[in-house]
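One-letter residues, chain by chain:
Protein chains: 2
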Amino acid sequence: MKSVDVCLSPELVHLYDVTDKTVVVVDILRATSCMVTAFAHGVADIKPYADLEECKAAASAGYETSGERNGEKVEGFNRGNSPFEYMAEAIRGKHIAFTTTNGTQAIDKAQKAKALLIGAFLNIQAVANAVQELNHPTLIVCAGWKGRFNLEDTLFAGALAKRLMGTFKPEDDAVLAAMELYENAKGNLVAFLQKSSHVQRLARLNIHKDIEFCLTPDVYAVVPELQNDHLILRR
Amino acid sequence: MKSVDVCLSPELVHLYDVTDKTVVVVDILRATSCMVTAFAHGVADIKPYADLEECKAAASAGYETSGERNGEKVEGFNRGNSPFEYMAEAIRGKHIAFTTTNGTQAIDKAQKAKALLIGAFLNIQAVANAVQELNHPTLIVCAGWKGRFNLEDTLFAGALAKRLMGTFKPEDDAVLAAMELYENAKGNLVAFLQKSSHVQRLARLNIHKDIEFCLTPDVYAVVPELQNDHLILRR
Numbered sequence: 109m110k111s112v113d114v115c116l117s118p119e120l121v122h123l124y125d126v127t128d129k130t131v132v133v134v135d136i137l138r139a140t141s142c143m144v145t146a147f148a149h150g151v152a153d154i155k156p157y158a159d160l161e162e163c164k165a166a167a168s169a170g171y172e173t174s175g176e177r178n179g180e181k182v183e184g185f186n187r188g189n190s191p192f193e194y195m196a197e198a199i200r201g202k203h204i205a206f207t208t209t210n211g212t213q214a215i216d217k218a219q220k221a222k223a224l225l226i227g228a229f230l231n232i233q234a235v236a237n238a239v240q241e242l243n244h245p246t247l248i249v250c251a252g253w254k255g256r257f258n259l260e261d262t263l264f265a266g267a268l269a270k271r272l273m274g275t276f277k278p279e280d281d282a283v284l285a286a287m288e289l290y291e292n293a294k295g296n297l298v299a300f301l302q303k304s305s306h307v308q309r310l311a312r313l314n315i316h317k318d319i320e321f322c323l324t325p326d327v328y329a330v331v332p333e334l335q336n337d338h339l340i341l342r343r
Numbered sequence: 109m110k111s112v113d114v115c116l117s118p119e120l121v122h123l124y125d126v127t128d129k130t131v132v133v134v135d136i137l138r139a140t141s142c143m144v145t146a147f148a149h150g151v152a153d154i155k156p157y158a159d160l161e162e163c164k165a166a167a168s169a170g171y172e173t174s175g176e177r178n179g180e181k182v183e184g185f186n187r188g189n190s191p192f193e194y195m196a197e198a199i200r201g202k203h204i205a206f207t208t209t210n211g212t213q214a215i216d217k218a219q220k221a222k223a224l225l226i227g228a229f230l231n232i233q234a235v236a237n238a239v240q241e242l243n244h245p246t247l248i249v250c251a252g253w254k255g256r257f258n259l260e261d262t263l264f265a266g267a268l269a270k271r272l273m274g275t276f277k278p279e280d281d282a283v284l285a286a287m288e289l290y291e292n293a294k295g296n297l298v299a300f301l302q303k304s305s306h307v308q309r310l311a312r313l314n315i316h317k318d319i320e321f322c323l324t325p326d327v328y329a330v331v332p333e334l335q336n337d338h339l340i341l342r343r
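Chains A and B, in that order, give the protein sequences.
According to my numbering, the first sequence holds residues 109 to 343 in order.
According to my numbering, the second sequence holds residues 109 to 343 in order.
Don't read these hints as lab results, they were simulated from the structure.
The structure displayed is predicted, hence computed values, not measured ones.
Any given hint could turn out to be false.
Where chains are identical, the list cannot tell them apart; a pair therefore holds if satisfied intra-copy or between any two copies.
What the hints assert, rightly or not - Derived pair list, reagent style DSSO-like, types lysine-lysine, alpha-carbon separation capped at 30 Å:
#1 164 <-> 294
#2 222 <-> 303
#3 317 <-> 181
#4 110 <-> 202
#5 303 <-> 202
#6 277 <-> 164
#7 303 <-> 155
#8 254 <-> 220
#9 220 <-> 181
#10 202 <-> 277
#11 155 <-> 317
#12 220 <-> 110
#13 303 <-> 110
#14 294 <-> 202
#15 220 <-> 317
#16 317 <-> 270
#17 181 <-> 270
#18 155 <-> 220
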């Protein structure tokens, strides 16, 4: 039986050898929730950028630009970081360059993974299925907040690990802790996260609707996967 | 009201400005439990070393040597990493050079703290009292296991934060998670930690007695504190 573990911050990815692993990157609020929503609405591909200026420059190569810094849309970009911006028919067939404070940094740090999938509550069962199909040791990488631990990504990690139990075994203490926390929270994720500082920070930006949506499981059955520096729809 | 936060790994200490903070370093199994036990039995001072060779070399400067790598005593050292080795009358007045896989690394990384205290379940209320006396913003730094998250240090962090609630406020998600986990575990810490990979690793070394002792709260009322690169008894 293969193992599943959780890396609680992008700053800890170097402690893991990802080259033989499936890595699931998660940034619930809101990068990976946006990416999943975009693929569910027919985006062609998304190129993730850690660097803001490089992302801006991609506009001249035919990309539409998306993203945020510190939770707010970057000036001049086509789209920000709300999943509701990725639901219009206009997204179909588009090529998007995407940069965020945390999520695209985590993708960058884990890019040497054997397989790299994008996870969110929105597509959690589809991701669980893909992880089981791939059947490699699996590491769930939480994007966190500027390198620090956050609750919502950890709760997703616990929820995904729970769905893998029986076909995967827990590797280390971080996955045990994530599953414990998810058990405490699962009755009402929104209420549980009211305590979270990151959620309070985002709540000041008036995105309650985003938060509730991003915590909804199994809205979409798509799995974005990294191939040659681009996220594409996994077939 | 000052804040209390938790740093879940020494590899994340650089994300925090510790210069205005009280830092409590914890390595329950077993470095900080040993240090607290040693001060309760009259050790004069302990010089922590991140580097094994430097620690060895301290013997020629009049230090007795203590420590472990990967859970096992270093060959040629006077003492290993079991708290029961630090209870004899022979410890009184001694100068000890101490190096461990995780605990002394964490002390090294947090050494610029405004005040640096050594915490363990064994002295948890004494540490809570000292943190309240100092009344700075406080960061509990978990030693973890080779940079990764571990449960026992996180449970201590949650337990200490709980004792500070009312006089300190939680800063960020990590302290909220640590308190949640401690609530789940507090009925029986030993049983809760049976799931932990690190505890299973140590159990193979036949230290069940050490583990039970290290999880016992309020055995001693001493607080070791870093002063000029040495740990001394806080007065």
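Hints, one by one, checked against the model:
no.	hint	result
1	164 <-> 294	neither (38 Å within a copy, 50 Å between copies)
2	222 <-> 303	between (36 Å within a copy, 28 Å between copies)
3	317 <-> 181	within (16 Å within a copy, 55 Å between copies)
4	110 <-> 202	neither (37 Å within a copy, 49 Å between copies)
5	303 <-> 202	neither (37 Å within a copy, 47 Å between copies)
6	277 <-> 164	neither (42 Å within a copy, 40 Å between copies)
7	303 <-> 155	neither (33 Å within a copy, 40 Å between copies)
8	254 <-> 220	both (21 Å within a copy, 22 Å between copies)
9	220 <-> 181	within (29 Å within a copy, 37 Å between copies)
10	202 <-> 277	neither (39 Å within a copy, 46 Å between copies)
11	155 <-> 317	within (26 Å within a copy, 54 Å between copies)
12	220 <-> 110	within (19 Å within a copy, 41 Å between copies)
13	303 <-> 110	between (34 Å within a copy, 17 Å between copies)
14	294 <-> 202	neither (35 Å within a copy, 52 Å between copies)
15	220 <-> 317	neither (35 Å within a copy, 42 Å between copies)
16	317 <-> 270	within (26 Å within a copy, 32 Å between copies)
17	181 <-> 270	neither (34 Å within a copy, 37 Å between copies)
18	155 <-> 220	within (16 Å within a copy, 40 Å between copies)
Hints 1, 4, 5, 6, 7, 10, 14, 15, 17, counting from the list given before, are not met by this structure.
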